[in-house]
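Student: Read top to bottom, the protein sequences are chains A and B. If you read the first sequence in the working numbering, its first letter stands for residue 1140, the second for the next number, and so on. If you read the second sequence in the working numbering, its first letter stands for residue 254, the second for the next number, and so on.
Some hints could be false.
Residues of chain A clear of chain B, computed beta-carbon distances all greater than 12 Å [claimed, not checked]:
id	residue
1	R1142
2	D1157
3	V1158
4	K1159
5	Y1171
6	R1190
7	K1199
8	I1231
9	K1250
10	G1372
Quick partial rundown of chain B residues pointing at chain A, CB under 7 Å, derived from the structure [to be verified]:
id	residue
11	Q364
12	D369
13	I370
14	V371
Pulled from the structure, derived: some chain A residues nowhere near chain B, Cβ distances all over 10 Å [unchecked claim]:
id	residue
15	M1140
16	V1160
17	A1166
18	F1191
19	S1202
20	D1204
21	H1252
22	F1254
23	R1282
24	D1297
25	P1334
26	T1375
27	T1377
Hint data in this document are derived by calculation from the structure and do not stem from the laboratory. Note that beta-carbon positions come from the ideal geometry of N, C-alpha and C, so glycine has one too.
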Amino acid sequence: MKRTRLLMGMPITIEVVDVKVTESDIAGIFDYFASVDRMFSTYKKESEISRFNAGELTKKQLSTDVRQILQLADDTRRESNGYFNIAHNGQIDPSGIVKGWAIYNAAGLLKEHGFHNFYVDAGGDVQVSGKNENGTYWTIGIRNPFKREEIVKVVRLDNKGIATSGLYVRGQHIYNPHKPNDPITAISSMTVIGPTVYDADRFATAAFAMGEKGIQFIEKLPGYDGYMIDSNGIATMTSRFGRFVINV
Amino acid sequence: MKKILISVVTIVVFALYAVFGRNSSQASSTATGKPSSSNTYATNTSIAYKDGSYPGSAADAFYGTIQVRATVLNGKITDVQFLQYPNDSSHSVEVNQSAMPVLKQEAIQAQSANVDIVSGATQTSQAFKESLAAALSQAK
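Given only the sequences and the hints, what does the whole structure look like? Please build it.
Tutor: Spelled out as structure tokens, the structure:
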């Protein structure tokens, strides 16, 4: 069963292959995403994050989940030597970490309900589990940052997370915290594969902020692989990335 | 364990540089449009060394001179440090960096779109989000 809804400003797709899945199971996962949106959306004035940014709530008044995200963001900032930073101009925008975290939790909910073969895709960041309806591991195509309808690389993943950070959106949402006024133009897209989409997402965001050096950061992270596309359409991949690639 | 393996590999690689001269395929930070060949390294996990600190010879690494120092403790390599490193701005050195791998590059090419899932950055914009929020509030 495969369903898609627009939530958190992006299409969220859930596909569960296990036969016992019901509409209600999947609806419950979408409800979880809606609750995340209510907490973290910077586009909703009444979200906890917006109220925190407006000074209406103190840190102590934040819910456990929001405080957890702030802590995780801080950990990521340190692990990435400051390149991952959710604070901009005195405001907090945790979108670079909330998405992966939410997808990962959603996958956890599905596993708790006894489902093994599924994926959760929110805006191109994905956690896969088990196999597709053909009985093979899920295949993921990496989008061409210069031509959205084109796939430029195909990987097959065995219970992993994959996240892509990119600048082919209108309205830059990633920049170098060490040089905030410099737009990041050196690279166009950074795809990271890791054990969980939560980690893939935050490290893809951090690596993207590093520009061309980002792929070296991923190379040095044990258990993570990356595929970086620069603004000239040249891709650089980590040394073990090839093990996921299939030529379709 | 993996760090030891990487250190051993690094020493072997630089030793090969020193003996056989520079490798002609380099991953470059400027676009060339040509894919460079991937490098395969010899690996050896069963070397025993005497404890101590050993500077290597200065080796010509094409874009400058490289010299490493290996530290051995309890018969195992526990650290490899750069004593000399090229100052080429396109190969900037980071503190505590113990290996500088040359990564494979390729020009992106269209593949089959016959995949289960697509990963790409979200195509969202401020206007889209505002429009979506307005539409959804009407749908309530």
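Student: Each hint should be assessed against the structure and marked as holding or not.
Tutor: Results for each hint:
1. The Cβ of R1142 of chain A sits about 14 Å from the closest Cβ of chain B, beyond the 12 Å cut-off, so the non-interface label holds.
2. With a cut of 12 Å on Cβ distances, D1157 of chain A stays outside the contact zone with chain B, its closest approach being about 16 Å.
3. With a least beta-carbon separation of about 18 Å from chain B, V1158 of chain A lies farther than 12 Å from that chain, consistent with its non-interface assignment.
4. The beta carbon of K1159 of chain A sits about 21 Å from the closest Cβ of chain B, which is more than 12 Å, so the claim that it is off the interface holds.
5. The beta carbon of Y1171 of chain A sits about 17 Å from the closest Cβ of chain B, which is more than 12 Å, so the claim that it is off the interface holds.
6. At roughly 17 Å, the least C-beta separation between R1190 of chain A and chain B is larger than 12 Å, which holds for a residue marked as non-interface.
7. The claim that K1199 of chain A is not at the interface with chain B holds, since no C-beta of that chain comes within 12 Å of its own (minimum 29 Å).
8. Consistency note on I1231 of chain A: stated as away from chain B, and its beta-carbon is indeed over 12 Å from all of that chain's, at 17 Å minimum.
9. With a least beta-carbon separation of about 18 Å from chain B, K1250 of chain A lies farther than 12 Å from that chain, consistent with its non-interface assignment.
10. With a least beta-carbon separation of about 5 Å from chain B, G1372 of chain A fails to lie farther than 12 Å from that chain, contradicting its non-interface assignment.
11. About 5 Å separates the beta-carbon of Q364 of chain B from the nearest beta-carbon of chain A, less than 7 Å, and the hint is met.
12. Among the interface hints, the one on D369 of chain B holds; its C-beta lies about 5 Å from the nearest C-beta in chain A, closer than the 7 Å criterion.
13. Interface restraint check: I370 of chain B against chain A, minimum CB-CB distance 5 Å, threshold 7 Å, status holds.
14. With a least beta-carbon distance of about 5 Å to chain A, the hint placing V371 of chain B at the interface is held under the 7 Å criterion.
15. Distance check for M1140 of chain A against chain B: the nearest CB is about 14 Å away, which clears 10 Å, and the non-interface claim stands.
16. With a minimum CB-CB distance of about 17 Å to chain B, V1160 of chain A clears the 10 Å threshold, and the non-interface call stands.
17. The Cβ of A1166 of chain A lies farther than 10 Å from every Cβ of chain B, with a closest approach of about 16 Å, so its non-interface assignment holds.
18. Listed as outside the interface, F1191 of chain A is consistent with that label: its C-beta sits roughly 19 Å from the nearest C-beta of chain B, beyond the 10 Å cut-off.
19. Every CB of chain B lies more than 10 Å from the CB of S1202 of chain A, the least distance being 22 Å, so the non-interface label holds.
20. The Cβ of D1204 of chain A lies farther than 10 Å from every Cβ of chain B, with a closest approach of about 21 Å, so its non-interface assignment holds.
21. A cut-off of 10 Å between C-beta atoms confirms that H1252 of chain A is not in contact with chain B; the least separation is 21 Å.
22. For F1254 of chain A, the shortest C-beta to C-beta distance to chain B comes to about 16 Å, beyond the 10 Å cut-off, and the non-interface label holds.
23. Under the 10 Å C-beta cut-off, the non-interface status given to R1282 of chain A relative to chain B is violated; the minimum distance is some 3 Å.
24. Distance check for D1297 of chain A against chain B: the nearest CB is about 13 Å away, which clears 10 Å, and the non-interface claim stands.
25. At the 10 Å boundary, the C-beta of P1334 of chain A stays outside the reach of chain B, the nearest C-beta of that chain being 15 Å off.
26. Look at T1375 of chain A: its CB is around 5 Å from the nearest CB on chain B, not clear of 10 Å, so calling it non-interface is violated.
27. Residue placement check: T1377 of chain A does not keep its beta carbon more than 10 Å from all beta carbons of chain B (closest about 7 Å).
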